[in-house]
Amino acid sequence: MIKANSIKTPIRIARIRSSTAARPFPFLSLSASSAFLKMAPVATAELSTAPAIVEAKKSVASNAAAEPPSAYTKNTAILHRTPYQPPTAVSAEGLYFTLADGSRIVDAVGGAAVTCIGNGNPVVKQAIKDQVEKLSYCYNMQLTNEPAEALAKLMLEYAPGAFEQVAFVAGGSEAMEAAVKLARQYFYEINQPQRTNFISRQLSYHGNTLGALALSGHPSRRKVYEGILNHDSFHHVSPAYAIRFKKAGETDEEYVARLAQELDDKFQELGPDTVIGFVAETVVGATTGCVAAPKGYFPAMKAVCEKYGALFILDEVMSGMGRMGSKMHAWQTFGDNVSPDIQAVAKGLGGGYVSIGAVLMSPRVAKGIREGSGYFFHGHTYQAHPITAAGSLAVQKVIKDDDLLTKCAEAGEYLASRLRATLLDKSSIVAPYVFDIRGGGLFWGIEFELGEKKTPKPFGALLQAKTMEKGLIIIAMAGSLEGGKGDYAMLAPPYNVTKEEIDTIVRIFNESVEDLVKEYLV
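Numbering follows our numbering, in which position 188 of the sequence shown is assigned residue number 1089; successive positions increment by one, without gaps.
Keep in mind the hints are simulated off the structure, nothing from the lab.
Certain hints may be false.
Derived PhoX-like pairs (lysine-lysine); straight-line CA-CA distance at most 25 Å [claimed, not checked]:
1. LYS1386 with LYS1301
2. LYS1419 with LYS1386
3. LYS1355 with LYS1419
4. LYS1298 with LYS1308
5. LYS1419 with LYS1400
6. LYS1327 with LYS1268
7. LYS1386 with LYS1355
8. LYS1358 with LYS1400
9. LYS1030 with LYS1301
10. LYS1196 with LYS1082
11. LYS1354 with LYS1327
12. LYS1354 with LYS1308
13. LYS1147 with LYS1419
14. LYS1148 with LYS1400
15. LYS1054 with LYS1301
16. LYS1054 with LYS1026
17. LYS1354 with LYS1419
18. LYS1026 with LYS1308
19. LYS1208 with LYS1167
20. LYS1196 with LYS1147
21. LYS1268 with LYS1298
22. LYS1298 with LYS1386
Okay, the calculated beta carbon distance ranges per label pair [what the hints assert, rightly or not]:
23. GLU1155 with LYS1035: 16 to 26 Å
24. GLY1172 with ALA1204: 11 to 21 Å
25. GLN1093 with THR1399: 44 to 54 Å
Cβ coordinates follow ideal geometry from the N, Cα and C atoms, glycine included.
Just need the whole structure built from these sequences, with the hints factored in.
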């Protein structure tokens, strides 16, 4: 049983320390301050004792009249998502960031699996510049625009016949919020207004807006807002997390059948004709770290939905748009090629160049809307923005022209092989603590199991701090399982990452884990 009260509130801490050790990249000059980056939850009690930004030793020439540049903005006016001041990035190229003090760091996770083609691509930059010269903005309830229309048609081509229409938004949480509202509108339009319930999964994350957060099974992110979340229309069943929850001796087929029966039972509990749909991440991202469902899971879940006339809805905000390699949609490779009725995408759609998300709808859903009101009741001021659409189109052009779906799959195989060869080597002091290495394409998770051993802060928090200290950005999280188990790290470099860059990423990552094992576990 997953207990909500055993899951920690996400205060994220990672310390950067100056080091004289040899590094493959110029990183954090001695003038840089100690800092803390997001992504690693620690207990609420630690907030009051979280380290302040501590000045590192400064390397100042004896004749210098002033302090060297700092990597940090002083007296920030931004209310950050972290309880500390993050370093300031001033430029980027590929997967390298340059900070305000001139130091460079390597981003091994694309921010949050966003930068799929890296930073600074000239094709995308030119497309955005050209669009600014032509048309910078028009309101979507008054006018449409060429880039948005072209992008919508292109997105339908990625899975011919699976989708009929597209609605644009400004990001992933908005995409999931729009998916929820579209699903509800569909049943309103076809005269089934009694359908008001959604079923999603524990250990899921669908976004930070209130509807998307209610849909999520992520207790630590829900905790602050629990009192205002909708508990009447949002319900949860078990995750498809075989390595943790499959019973001893149970086959994958039996495990899938058990989960399908649980979903069926939930329909019966709520009333089959009251359920709008079942919602799942094709590959789970931020809660458990790149967990794919066992083969046969998605066909079984969709079959239950079809049995009761409900919608099958997929969240590919993180795992979609080519991130899993070979195909544009994760369900085409990691979902048994089972197409959804509604799908949300974002991150890789704009590649970090523009803020954009989208909701794709099947012919069934499009027909229901078309034969009803004929339009989407939901909307925002900046959806279908011409500049974001132009930027997104250019990102998609680069992916196609540079054959990056193929390269993503190939690079992913190499990354997986290097991770396994390095972290699971029999002579490695790290191997006993590596519980699982899983993923696909360039979306990989490494889960740790410490057994009875303890660290002063969650292992994920310590690991993210250590890699950052060495000049490598990753996502690392404290475990979401009972007792704090399940600490994991996630790697998601751009689709055009080189073998040399992968070698460096894996080496620094392994060195960081080794350092923590030596310091705390042996």
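Here is how each hint holds up against the structure:
no. : hint                             : in the structure
1   : LYS1386 with LYS1301             : 40 Å, violated
2   : LYS1419 with LYS1386             : 20 Å, holds
3   : LYS1355 with LYS1419             : 13 Å, holds
4   : LYS1298 with LYS1308             : 15 Å, holds
5   : LYS1419 with LYS1400             : 28 Å, violated
6   : LYS1327 with LYS1268             : 57 Å, violated
7   : LYS1386 with LYS1355             : 11 Å, holds
8   : LYS1358 with LYS1400             : 33 Å, violated
9   : LYS1030 with LYS1301             : 21 Å, holds
10  : LYS1196 with LYS1082             : 30 Å, violated
11  : LYS1354 with LYS1327             : 20 Å, holds
12  : LYS1354 with LYS1308             : 40 Å, violated
13  : LYS1147 with LYS1419             : 32 Å, violated
14  : LYS1148 with LYS1400             : 38 Å, violated
15  : LYS1054 with LYS1301             : 15 Å, holds
16  : LYS1054 with LYS1026             : 22 Å, holds
17  : LYS1354 with LYS1419             : 13 Å, holds
18  : LYS1026 with LYS1308             : 22 Å, holds
19  : LYS1208 with LYS1167             : 13 Å, holds
20  : LYS1196 with LYS1147             : 13 Å, holds
21  : LYS1268 with LYS1298             : 30 Å, violated
22  : LYS1298 with LYS1386             : 42 Å, violated
23  : GLU1155 with LYS1035: 16 to 26 Å : 58 Å, violated
24  : GLY1172 with ALA1204: 11 to 21 Å : 19 Å, holds
25  : GLN1093 with THR1399: 44 to 54 Å : 52 Å, holds
Hint violations for this structure: numbers 1, 5, 6, 8, 10, 12, 13, 14, 21, 22, 23, all remaining hints satisfied.
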